[in-house]
Amino acid sequence: MTAVRCVDLCKTYRQGDQDIKALDHLSLEIGEGGFVCLSSPSGGGKTTLLNAIGGLDKPDQGEVYIAGQRIDNLSKGELAELRLRRIGFVFQAYNLIPVLTARENVEFVMQVQGVPAADRGRKALDILAEVGLEGLEDRRPAEMSGGQQQRVAVARAIVSRPALVLADEPTANLDSKTSDGLMELFTELNEHHGTTFVIASHDQRVMGYAKRIVRMLDGRIVDDIQQDAA
Amino acid sequence: MRRLRILSKLAWRNLWRNHRRTAIMLGAISVGVWAMIFMTALTQGMVTEMIRDGISALPGHVQVHHPDYRDDPSITNLIPMTDTEIAATFGPAGFSAWSSRIKVPAVITSERDSRGVTLLGIDPVRERDMIFVDYDEVEGRFLESVDDRGVVIGHKLADTLDTEVGKRIVLMSQDPDNDIADRGFRVVGLFHANVEAFEETYVFAGKKTLQNMLRVGDRVTEVVVLGEDYRNVEDEYAAVLALVDGGVEVRRWTELDTYLGTMLKVMDGFVLVWVIVIFLALSFGLVNTLVMAVFERVREIGLMLALGMKPGDILGQILIESMLLLVIGLGIGNLLAWLTIKPLEGGIDLSIVAEGMEMFGAASVLYPQLRLEDVVLANVVVLILGFLASLSPAWRASRYEPIEAITKVD
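Order-wise, the sequence lines are chains A and B.
Position 1 of the first sequence, counted from 1, bears residue number 1 in my numbering, the numbering being contiguous throughout.
Position 109 of the second sequence, counted from 1, bears residue number 109 in my numbering, the numbering being contiguous throughout.
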């Protein structure tokens with residue numbers, strides 16, 4: 001079954017007196033359990049595509065489907081519900097809520113989902129241990145390094161086992177060892193739980209872990225390569 | 001419920017993110033609320049005293065007169081019932097206090113001077129707790145019975161007439177046939193009143209003595225009834241109406257002294273206006289605080305929206321934050337008000353400006369009055385208007401597009 005389907009997406013931004021085509025009649029299909037890296041030079045459209053898939057940004061033209069459901073015509077509330085239940089997000093920066101501890105940040109989505117307190121507490125501690133943050137559960141973001149914060153964000157994105165995880169430059173602020181650890185965690189989730197990953201990155205290490213690399217340029221797909229995972 | 005819990009947690013922690021700003025805002029709300037309640041207590045205290053003094057000078061919450069007496073308060077307009085019939089009618093009715101009396105205009109003359117006064121013929125035993133004079137504070141003595149042959153006048157009037165306890169004066173009025181009715185009295189007592197004008201205006205004599213002087217037999221000019229609460233005299237009014245027939249006029253005190261009655265209504269309205277005006281000043285600070293708090297958290301709000309929070313949740317979070325701020329401020333403001341008003345309930349001496357106070361009928365000692373209704377009014381107004389003032393910044397925060405908010409650059 002198809003996890004993500006984009007049909008003829010167009011998105012144009014106005015920058016000064018210039019129109020920038022972030023997506024230019026782009027179509028893409030990603031099957032369930034896919035592990036896709038969207039790669040492009042800066043401004044190539046990968047983040048715009050990721051945002052359109054996640055319902056964070058509406059395309060000017062075209063259709064977006066998640067698990068067969070068209071989402072580009074949903075209301076704000078419906079999109080929020082979709083993101084809450086089906087999609088895990090990892091952003092490049094400003095990932096955490098500053099007034100919550102690491103554990104509370106991880107619990108946040110589950111709490112909004114209505115997961116019982118005991119259940120979400122246990123899951124949060126387990127996932128934090130899994131991303132190597134045991135002992136840091138009660139720290140607030142300001143008391144953690146950039147890498148640690150990013151791992152908390154990843155833990156939050158995957159803790160409720162969403163069918164689809166969208167990650168925008170997840171390794172941008174991480175050292176190579178932490179990046180590898182994170183990508184191995186993604187790979188394990190992909191292989192053992194069938195979670196679909198769509199990662200926007202130009203990091204060669206990330207590309208090395210992906211099963212499929214979609215190269216973009218000026219809002220178009222210029223190359224679509226299937227490869228064996230590292 | 002679960003959302004309310006997370007929203008409350010976020011709101012509470014965000015509130016203390018900028019301690020200094022929150023503390024300043026709390027200080028402003030607390031002082032504002034304190035000012036609302038404190039000023040209201042002073043105003044209510046002043047109005048209550050004015051009304052109590054006014055009622056004690058009338059006196060009575062409900063009064064019965066001859067239908068023409070209010071237009072022509074002379075002895076010709078007697079109540080068409082004997083005092084004995086009145087006692088038989090009103091006595092068993094169970095009022096907290098009631099009395100019948102003669103009240104007529106008269107001229108008082110001493111060896112040196114004369115003045116126009118209001119002459120009251122009373123039953124001093126029955127009226128002990130009804131009139132404004134404290135019997136125990138009277139220089140000399142107060143009247144002792146309905147047929148007491150002395151008179152009690154105010155200190156101020158005594159000064160004007162250049163008379164004193166033990167000296168004689170003459171009281172002159174009209175009888176029902178419009179003939180002069182006069183009589184010499186010995187001054188047996190001088191009274192003090194909160195309002196100096198009362199000392200100049202009222203002269204007390206025994207009811208029977210005056211009935212004889214005015215040749216009215218067993219008749220009186222008014223019956224007065226006191227209830228428990230001057231703000232609500234409807235029960236007493238209805239009870240008196242049921243006791244008397246159509247040959248008399250029954251009036252509430254608000255109808256008899258329209259100035260005081262209007263004052264009561266105006267002051268209740270003034271309290272509300274005062275509370276709203278202070279809140280409007282406060283609301284600028286409140287809205288500014290919320291706008292700043294939202295502006296500083298645009299990316300965070302975008303993140304929460306991106307993670308699946310609904311716009312309504314963001315709206316709720318900001319509103320809860322505002323309500324928490326207001327509730328804490330109200331708590332501190334109420335406490336401050338209580339702490340400052342309670343020690344002053346014994347009275348604030350304003351005798352230095354007594355004459356000015358008297359010009360509008362107020363006493364020279366102000367007794368602040370902390371009324372539950374006023375405290376509730378201040379709190380409810382602050383909460384409701386605070387909620388409304390917070391809607392705009394909260395609404396703006398909930399309308400952010402997640403991706404624009406996340407990528408916002410400082």
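Mixed in with the good hints there might be a few duds.
Derived DSS-like pairs: lysine-lysine, alpha-carbon spacing no greater than 27 Å straight-line [what the hints assert, rightly or not]: (1) B:Lys156 <-> A:Lys123; (2) B:Lys310 <-> B:Lys9; (3) A:Lys177 <-> A:Lys211; (4) B:Lys9 <-> A:Lys76; (5) A:Lys58 <-> B:Lys156; (6) A:Lys76 <-> A:Lys21; (7) B:Lys156 <-> B:Lys167; (8) B:Lys167 <-> A:Lys123; (9) A:Lys76 <-> B:Lys167.
Since the hints were made in silico from the structure, they are not lab data.
Here the structure is a predicted model, which means the values were calculated and not measured.
A quick look at each hint next to the structure:
1. For the hint linking B:Lys156 to A:Lys123, the alpha-carbon distance of about 86 Å lies beyond 27 Å, and the restraint is violated.
2. Between B:Lys310 and B:Lys9, the direct Cα distance comes to roughly 17 Å. Compliance with the 27 Å bound is thereby established for this hinted pair.
3. Distance restraint check for A:Lys177 and A:Lys211: the Cα-Cα separation of roughly 21 Å lies within the 27 Å cut-off, and the hinted pair is therefore satisfied.
4. A threshold of 27 Å between alpha carbons decides the hint, and for B:Lys9 with A:Lys76 the separation of about 24 Å falls inside it, so the pair holds.
5. Distance hint between A:Lys58 and B:Lys156 is unfulfilled; the C-alpha atoms sit about 87 Å from each other, more than 27 Å.
6. A distance of roughly 24 Å separates the Cα atoms of A:Lys76 and A:Lys21; the hinted pair therefore holds under the 27 Å criterion.
7. In summary, the hint linking B:Lys156 to B:Lys167 is supported, as the alpha carbons are separated by about 15 Å, within the 27 Å threshold.
8. Among the hinted pairs, B:Lys167 with A:Lys123 is inconsistent with the structure: their alpha-carbon atoms are about 99 Å apart, more than 27 Å.
9. In summary, the hint linking A:Lys76 to B:Lys167 is not supported, as the alpha carbons are separated by about 93 Å, beyond the 27 Å threshold.
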